[in-house]
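What follows is the residue order along each chain.
Protein chains: 2
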Amino acid sequence: MSGRIDIALIGVGLVGSAVIKQLASVPALSSLKVVALQNSRKTLLAAPGQALALENWQSQLENNGVPALSLEQLVTELKNIQAKNQRHIAVVDNTSNDSVACFYPSFLHAGFSVVTPNKKAFSGSLDLFSAIEEAKQDDSKPLVYQESTVGAGLPIIGTLKDLVATGDKIKKVEGVLSGTMSYIFNEFSPAAGSTTKFSEIVSVARQNGYTEPHPGDDLSGSDVARKLTILSRLIPGLAYELPRGFASVSTQSLTPAGLADEANADVYVQRLPEFDAEFDEIRAKAQAKHCVLRYVGLIDVEKKVIKAGLEEYPADHPFATSLGGSDNIISFTTERYQRPLLVQGAGAGADVTAMGVVADLVRVAERRG
Amino acid sequence: MSGRIDIALIGVGLVGSAVIKQLASVPALSSLKVVALQNSRKTLLAAPGQALALENWQSQLENNGVPALSLEQLVTELKNIQAKNQRHIAVVDNTSNDSVACFYPSFLHAGFSVVTPNKKAFSGSLDLFSAIEEAKQDDSKPLVYQESTVGAGLPIIGTLKDLVATGDKIKKVEGVLSGTMSYIFNEFSPAAGSTTKFSEIVSVARQNGYTEPHPGDDLSGSDVARKLTILSRLIPGLAYELPRGFASVSTQSLTPAGLADEANADVYVQRLPEFDAEFDEIRAKAQAKHCVLRYVGLIDVEKKVIKAGLEEYPADHPFATSLGGSDNIISFTTERYQRPLLVQGAGAGADVTAMGVVADLVRVAERRG
Chain A
1 MSGRIDIALI GVGLVGSAVI KQLASVPALS SLKVVALQNS RKTLLAAPGQ ALALENWQSQ
61 LENNGVPALS LEQLVTELKN IQAKNQRHIA VVDNTSNDSV ACFYPSFLHA GFSVVTPNKK
121 AFSGSLDLFS AIEEAKQDDS KPLVYQESTV GAGLPIIGTL KDLVATGDKI KKVEGVLSGT
181 MSYIFNEFSP AAGSTTKFSE IVSVARQNGY TEPHPGDDLS GSDVARKLTI LSRLIPGLAY
241 ELPRGFASVS TQSLTPAGLA DEANADVYVQ RLPEFDAEFD EIRAKAQAKH CVLRYVGLID
301 VEKKVIKAGL EEYPADHPFA TSLGGSDNII SFTTERYQRP LLVQGAGAGA DVTAMGVVAD
361 LVRVAERRG
Chain B
1 MSGRIDIALI GVGLVGSAVI KQLASVPALS SLKVVALQNS RKTLLAAPGQ ALALENWQSQ
61 LENNGVPALS LEQLVTELKN IQAKNQRHIA VVDNTSNDSV ACFYPSFLHA GFSVVTPNKK
121 AFSGSLDLFS AIEEAKQDDS KPLVYQESTV GAGLPIIGTL KDLVATGDKI KKVEGVLSGT
181 MSYIFNEFSP AAGSTTKFSE IVSVARQNGY TEPHPGDDLS GSDVARKLTI LSRLIPGLAY
241 ELPRGFASVS TQSLTPAGLA DEANADVYVQ RLPEFDAEFD EIRAKAQAKH CVLRYVGLID
301 VEKKVIKAGL EEYPADHPFA TSLGGSDNII SFTTERYQRP LLVQGAGAGA DVTAMGVVAD
361 LVRVAERRG
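So the protein sequences, as listed, match chains A and B. Just so you know, we're using the numbering used here here: the first sequence kicks off at 1 and counts up by one. Just so you know, we're using the numbering used here here: the second sequence kicks off at 1 and counts up by one.
Hints listed in this document are in silico derivations from the structure and should not be mistaken for laboratory results. Remember, predicted model here, so these are calculated numbers, not experimental data. Don't take every hint at face value.
Same chains, same names: a pair is fine if it fits in one copy or spans any two.
Claimed, not checked - Here are the computed lysine to any residue pairs in the SDA-like style, where the Cα-Cα straight-line distance is at most 20 Å:
| no. | residue 1 | residue 2 |
| --- | --- | --- |
| 1 | 141 | 367 |
| 2 | 141 | 366 |
| 3 | 161 | 367 |
| 4 | 161 | 28 |
| 5 | 141 | 29 |
Model the full structure from these sequences, guided by the hints.
Now the structure itself:
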């Protein structure tokens, strides 16, 4: 089906393991060969001309791996492998690590493509983003694919790229972009109304593993701000608007002011009920207008407004009626799509995130394999 | 941005003109060179090493074109151009012609890629579909892209291909796939209820150009059946289920039995009110259950059921609440997306159809340019 490429996987946690599982279980993907695996402790490299056997990668990595290489060393080893195998190499970053993200320009200058669900490189400083854009111009034509950075496997980045590439004018991008925020407000403010307390929903979400270990990391809105940064950098006219990346996005934190400095997650959750009345009030105001509350990201291209925060939507709006679970939804309003183009579905989870990564690897193999 | 390819455009009506406009107006697409234009009357070929100037293509085609070449002759001329230009050629079929569709295997065997919004080749006989699949294996590795055959520029075909390629198991595909049917039932059966007569809505739709010249061609459901055929042939286990293509799909026609043979469109529309009571009854039954009516296509993979027809949906279902105008909506339920992945938006129109075609051309240029 696709050309043959070699793959180096950095990070073999939940998402990385799901990537390996998909590569190993789909016969048509057998031309995508894993030649390197690395986690924070160990590195496993394939012998020249060989690929790693994926059936028992855990024990191989544990028993046959060397102590984890530095990223500089990894590049050197991958260059050796490439010199012998004569195949294009794609580096997959399955971490959420800043230091790996900062290394993308080096991977690209070495001639390797980069595929990743890691938001850090594309949502951080403009310097890093610009360095990546510049490194993509390298003579070896390395590719960068990042579908899973927004909405996991949902066709969001690819759709926005197609709209832009074919000359459509993006007017507005708006969406529920955080699975955790989606869950919380689908429960807190359903179209039919609710009286459940905000703190109670957050507490249940945390118990079920839907939040970060510290729920304040979700309620800060920074995940949404990062995704808005990634999207806005794909839009002509906005690409260079956010000098400090997600830190430049106007972001409403839902952590009550009184808990802003509470680093202890247990204490944070215990004290959250003190602020339920504030949330009740905001909800009551929305319900009085027959509206629901959603935590959304918004990019208004003409006004150059990029912001994350709580918004009210009428009860018959797709954001009010259509969502469930921890679904993401994104709406593109453009010159061609005056009625918006909508994409909706699970926006988090190892399998759907890995799907976006593997589909991106197929694209690299089709183009460079 | 993308590699350089040469393009031959067959059909320069509404969609073809929009394709040319997009190619001419987006600077980043300047490496996609049009070397041939053809309509039913004339053919215009570029000189060796040259591309056609797109600013004044209409007058060029009219004044400098030769009488339309046969498709065999066109292949010969394109081979000459390719021998001189040494670039990959993509043939774009912007017609809805059966005879052009039947020629795809010849284009592919000649080494040309095919990009098209024409549904005919992929929704007709299994023989033609199989011949195309076989011709794609040609040594010259020609590509076939067809995003705009279902939902125009909406990411439907690409999304289904990614789900399959990464090993997801498709369980159900369900959607409002005809813009005309969407408009008619959004008006006839909105979530809030309606008493407007079916015949009246069809008549208005026809006056506004939303239907085929003979509305029976929409109400037959064959457009939906064709799209279901295209989608089902991308699903492992179903690809070879429909021997006669769309004619093998179980399809409910909305043309009343008494009008089945009425070839005169004016008479058809004049007589439609005779059957309004039947439609009123179906609507009343749905409304009594707090449901709306939608004309949908359904693929149930496990049961191997592929059918097009009227279905009832509860008033809070996305198909009931979220649609407007002539939107398409499609829902993929899979092993990974237990809550379905939804794509929604304008599914017809020259600009959005051309967008799908041009985005496909970019993919061909990225892979073969």
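task: With 20 Å as the alpha-carbon cut-off, assign the pair residue 141 and residue 29 to within, between, both or neither.
output: between (23 Å within a copy, 18 Å between copies)
message: Checking an output row: residue 141 and residue 366, CA cutoff 20 Å. Within, between, both or neither?
response: The answer is both: 14 Å in one copy and 11 Å across copies each meet 20 Å.
query: 20 Å Cα cut-off: does residue 141 pair with residue 367 within a copy, between copies, both or neither?
result: For residue 141 and residue 367, both the intra-copy (10 Å) and inter-copy (12 Å) Cα distances are at most 20 Å.
field: Copy assignment of residue 161 with residue 367, given that the CA separation must stay at most 20 Å
entry: both (17 Å within a copy, 17 Å between copies)
- prompt: Given a CA cutoff of 20 Å, do residue 161 and residue 28 count as a within-copy pair, a between-copy pair, both, or neither?
  reply: For residue 161 and residue 28, only the inter-copy Cα distance (13 Å) is at most 20 Å; the intra-copy one is 26 Å.
Going down the numbered hints, you'll see the structure goes against none, and every one checks out.
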